[in-house]
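Peer 1: Could you put the whole structure together from the sequences, leaning on the hints where they help?
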Amino acid sequence: MMETTDSNRYLLSVEEIDTYIGQFHILEGVSVDVAKGSITVLLGRNGAGKTTTLKTIMGLTPPRNGRVIFDGQEIQGKQAFKIANFGIGYVPENRAVFRALTVMENLKLAERKKGDLDRHADFIFELFPDLERLSKLKGNQLSGGQQQMLAVARALVPDNKLLLIDEPSEGLAPILIQQMMEAIRKLRETTTILLVEQNFIMASQLAERYVIIDDGKSVHRGLMSDLVQNQDLIHQYLGASIQAPISTSEVQ
Amino acid sequence: MSYNSKKLLYSVIGILVVAGVVFGLYTYAGQEAFIRTTLSGLTLGSLFFLVAAGLTLIFGLMDVLNFAHGSMFMIGAYTGWQFYTNPTFIFGVLPLVLAFATTVMLIPVIKPLLVRLDLSEAWQKRLPKLAYIAALLVAVLALVKFDILGLAKTAMVAVTTTSSNPLAELSPQEPLPRFLLRLLLLMLSGAFVALGLSKPGNRTEVSAPEPLKKRLILPVALFVLAIIFTLVRESASEGVLLMNGNLRFALAIIAATLFGFLLGALIEITMIRPLYVRSFFIVLMTLGMSFVMRELVQVLWDPLAYQMVRPPLFAQPGRATTIAEWLMNGSSTISIAGVTFPTYRLFVILLGVVMFVFVTLLMNRSRLGMIIRAGVQDPQMVEALGINVKRVFTLVFALGVALASLGGIGAAPFLPVQPMMGDQYQMQGFITVVIGGMGSYVGAFVGAMILGMARAFGDYFALKLQLSPTIAEASTVIIMIVVLILRPQGLFGKKD
Numbered sequence: 016m017m018e019t020t021d022s023n024r025y026l027l028s029v030e031e032i033d034t035y036i037g038q039f040h041i042l043e044g045v046s047v048d049v050a051k052g053s054i055t056v057l058l059g060r061n062g063a064g065k066t067t068t069l070k071t072i073m074g075l076t077p078p079r080n081g082r083v084i085f086d087g088q089e090i091q092g093k094q095a096f097k098i099a100n101f102g103i104g105y106v107p108e109n110r111a112v113f114r115a116l117t118v119m120e121n122l123k124l125a126e127r128k129k130g131d132l133d134r135h136a137d138f139i140f141e142l143f144p145d146l147e148r149l150s151k152l153k154g155n156q157l158s159g160g161q162q163q164m165l166a167v168a169r170a171l172v173p174d175n176k177l178l179l180i181d182e183p184s185e186g187l188a189p190i191l192i193q194q195m196m197e198a199i200r201k202l203r204e205t206t207t208i209l210l211v212e213q214n215f216i217m218a219s220q221l222a223e224r225y226v227i228i229d230d231g232k233s234v235h236r237g238l239m240s241d242l243v244q245n246q247d248l249i250h251q252y253l254g255a256s257i258q259a260p261i262s263t264s265e266v267q
Numbered sequence: 006m007s008y009n010s011k012k013l014l015y016s017v018i019g020i021l022v023v024a025g026v027v028f029g030l031y032t033y034a035g036q037e038a039f040i041r042t043t044l045s046g047l048t049l050g051s052l053f054f055l056v057a058a059g060l061t062l063i064f065g066l067m068d069v070l071n072f073a074h075g076s077m078f079m080i081g082a083y084t085g086w087q088f089y090t091n092p093t094f095i096f097g098v099l100p101l102v103l104a105f106a107t108t109v110m111l112i113p114v115i116k117p118l119l120v121r122l123d124l125s126e127a128w129q130k131r132l133p134k135l136a137y138i139a140a141l142l143v144a145v146l147a148l149v150k151f152d153i154l155g156l157a158k159t160a161m162v163a164v165t166t167t168s169s170n171p172l173a174e175l176s177p178q179e180p181l182p183r184f185l186l187r188l189l190l191l192m193l194s195g196a197f198v199a200l201g202l203s204k205p206g207n208r209t210e211v212s213a214p215e216p217l218k219k220r221l222i223l224p225v226a227l228f229v230l231a232i233i234f235t236l237v238r239e240s241a242s243e244g245v246l247l248m249n250g251n252l253r254f255a256l257a258i259i260a261a262t263l264f265g266f267l268l269g270a271l272i273e274i275t276m277i278r279p280l281y282v283r284s285f286f287i288v289l290m291t292l293g294m295s296f297v298m299r300e301l302v303q304v305l306w307d308p309l310a311y312q313m314v315r316p317p318l319f320a321q322p323g324r325a326t327t328i329a330e331w332l333m334n335g336s337s338t339i340s341i342a343g344v345t346f347p348t349y350r351l352f353v354i355l356l357g358v359v360m361f362v363f364v365t366l367l368m369n370r371s372r373l374g375m376i377i378r379a380g381v382q383d384p385q386m387v388e389a390l391g392i393n394v395k396r397v398f399t400l401v402f403a404l405g406v407a408l409a410s411l412g413g414i415g416a417a418p419f420l421p422v423q424p425m426m427g428d429q430y431q432m433q434g435f436i437t438v439v440i441g442g443m444g445s446y447v448g449a450f451v452g453a454m455i456l457g458m459a460r461a462f463g464d465y466f467a468l469k470l471q472l473s474p475t476i477a478e479a480s481t482v483i484i485m486i487v488v489l490i491l492r493p494q495g496l497f498g499k500k501d
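The listed protein sequences derive, respectively, from chains G and H.
Using our numbering, the first residue of the first sequence is number 16, and each one after it goes up by one.
Using our numbering, the first residue of the second sequence is number 6, and each one after it goes up by one.
No wet-lab data here; the hints were simulated from the structure.
Be careful, since some hints might not be right.
[Stated by the list, open to error] Short, incomplete list of chain H residues facing chain G, as computed with Cβ under 10 angstroms:
hint, residue
1, Leu256
2, Arg372
3, Val381
4, Asp383
5, Gln385
6, Leu496
7, Lys499
Bear in mind the structure is a predicted one, so any value in this text is a computation, not a measurement.
Just so it is clear, CB atoms sit at the ideal spot from N, CA and C, and this is done for glycine as well.
Peer 2: Dropping the structure here:
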């Protein structure tokens with residue numbers, strides 16, 4: 016591929032990372048490039064290593080080998096909080112909102128500078144009007160969908176250049192999936208997003224580029240518009256993970 | 006049933022049970038005995054809370070069971086007692102510690118230069134080791150013939166003398182030129198430690214440093230303090246001893262708490278931080294540390310029990326009838342609804358309540374508290390938000406030890422100050438945490454009060470019904486067992 020280390024074009028370049036969790040070799044040379052201002056989606060079956068890839072970028076499971084270059088700097092091996100402070104927001108898959116904290120406190124906690132929340136509150140509450148209404152409730156009183164929105168909103172509080180979003184549609188009702196898609200679409204206007212998404216319909220409508228991860232390796236990459244045409248590829252790598260077909264009209 | 010109505014039901018049942026027990030005890034024991042025993046229970050409960058609050062916060066956030074917590078309680082008592090009775094030891098050792106810390110804290114200044122050095126990998130490994138050996142040798146050299154035991158014994162003199170001249174107990178410090186040499190050597194030793202810790206030649210540690218001015222603040226401040234405290238070694242002790250006794254006691258509390266905080270931070274950074282990945286080792290390590298601390302105290306002050314003199318506000322013979330009268334005369338006892346009760350114990354109750362309010366405000370109103378509450382659930386996610394969780398761990402550990410240390414100095418004027426004094430409180434602290442729920446400071450407060458009451462009323466019944474006095478100690482364990490059966494996560498614990 017000719018486009019491997021063009022740092023002007025790529026906000027994030029993950030180069031051949033190897034990640035171990037305990038004894039297990041989870042990622043075996045994964046490479047992912049994310050172009051500035053785009054949405055790139057990681058596809059693959061359950062357990063393929065998509066979530067670990069995000070965690071490795073974030074520094075939560077540091078890689079043994081390989082490089083992670085963000086905004087021109089090598090960030091692999093740095094502590095997670097330092098990586099976050101480079102301007103990366105992380106939305107984990109399990110909706111890790113803080114249950115003992117109110118919605119407002121959850122957002123406040125994500126501030127990196129004083130006033131971060133004040134500056135972005137309008138934008139966040141416009142995107143997720145529910146959160147403003149629920150701002151005094153504790154995390155454990157929110158429904159799954161509300162928690163998911165809070166988890167995404169939390170990543171928007173500081174000035175992040177890149178968002179890593181893990182399975183935003185997981186377990187959401189169709190109407191909420193639609194709202195989440197709208198929100199992510201709006202986010203693209205201002206930030207760059209690396210997405211993990213099992214819902215192929217949603218992924219194909221949001222992302223311009225894809226990387227398929229299979230068994231800890233990045234096996235395929237390209238433009239989303241090409242992948243949609245390529246039924247063989249979809250079946251080979253994603254077959255089991257494509258959810259029950261939701262017609263496009265239902266989503267939109 | 007919904008979550009909220011269930012909660013309400015439990016609260017109502019809880020209040021009814023408490024009210025029933027209180028009413029039963031009141032009618033059985035009669036007003037006088039009831040009030041006296043309750044106040045005793047609250048006194049004990051306050052001390053239990055000061056120990057348990059730290060334990061529960063540290064366990065909740067970091068999953069660390071600190072078995073040295075009781076020793077830290079004891080250290081707090083010794084520090085405060087020393088400061089109050091005869092600070093010669095403290096002021097004699099302080100400049101040495103400050104001098105050593107000055108150069109160790111130079112790390113942020115020298116590290117950016119050292120990591121850029123061109124060193125082979127072998128030397129990168131060898132150099133820190135050599136530096137540590139050098140540091141140790143220089144430190145030993147610095148302390149040759151330093152009469153630390155002599156300094157420590159000065160406070161023991163205070164126990165036997167009851168002269169009206171407080172300065173009679175002071176002993177002279179070492180002559181200045183020799184002491185300065187020790188300071189210089191210790192600074193050199195600290196510099197070697199800093200050299201080792203800076204990982205010379207390790208380029209992966211390169212990161213954009215903060216402005217030089219900011220990095221120099223701490224070492225310079227420490228250096229200035231070291232100089233000041235060297236010059237006032239003798240006059241500071243005199244000054245402290247000539248001070249008003251109440252003020253001296255207030256300063257002793259601050260000194261003990263501050264020392265606990267710094268000690269906690271030091272222990273967390275140097276010994277606990279490397280072990281988070283092997284949490285079982287932390288248990289062994291803290292257990293071992295508690296033995297080391299106890300032995301160290303025994304070496305310095307002999308395995309004796311000391312009685313700290315109560316500060317004047319609580320020491321004049323006589324009984325006050327109102328709080329105003331007590332504060333004016335400094336009476337040693339006060340009459341509360343006809344019951345004579347020592348005033349100092351009221352102060353201990355106040356200390357416990359004030360610290361509970363402090364912890365509550367800290368947890369609910371400050372950013373640190375928010376981080377702690379979030380970190381209890383998911384420290385990784387807190388870190389992913391860009392928060393230095395390691396630093397928060399250090400802070401919380403230091404805070405917990407400071408609270409235990411505060412409990413120690415709070416207890417010193419009415420408990421014998423001796424090397425084992427913390428053991429019982431650590432035990433009760435753990436039981437408190439189990440009853441209240443791991444990680445909940447409200448639980449720690451409620452649990453501590455329940456245990457305090459159980460101890461006090463246990464003693465009362467043992468006396469009245471001629472039971473073995475150990476029934477009071479056993480009662481706390483029985484309560485723990487009952488709670489574990491009915492509500493294994495503790496009264497205020499969260500199911501997980």
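Peer 1: Against this structure, judge whether each hint is valid.
Peer 2: Comparing the hints with the structure gives:
Hint on H/Leu256 is violated. Least Cβ distance to chain G is approximately 35 angstroms, over the 10 angstroms limit. Because the beta carbon of H/Arg372 sits about 8 angstroms from the nearest beta carbon in chain G, less than 10 angstroms, this interface hint is met. The closest approach between the C-beta of H/Val381 and any C-beta of chain G is roughly 7 angstroms, which is under the 10 angstroms cut-off, so the hint is satisfied. Annotation: H/Asp383 was flagged as interfacial toward chain G, and the flag holds, the nearest CB pair being 5 angstroms apart, inside 10 angstroms.
The beta carbon of H/Gln385 comes within 6 angstroms of a beta carbon in chain G, closer than 10 angstroms, and the hint placing it at the interface holds. The beta carbon of H/Leu496 comes no nearer than 16 angstroms to any beta carbon in chain G, farther than 10 angstroms, and the hint placing it at the interface is violated. Taking 10 angstroms as the C-beta contact cut-off toward chain G, the hint placing H/Lys499 at the interface holds, the least distance being around 8 angstroms.
Checked against the numbered hints above, the structure violates hints 1, 6; every other hint is satisfied.
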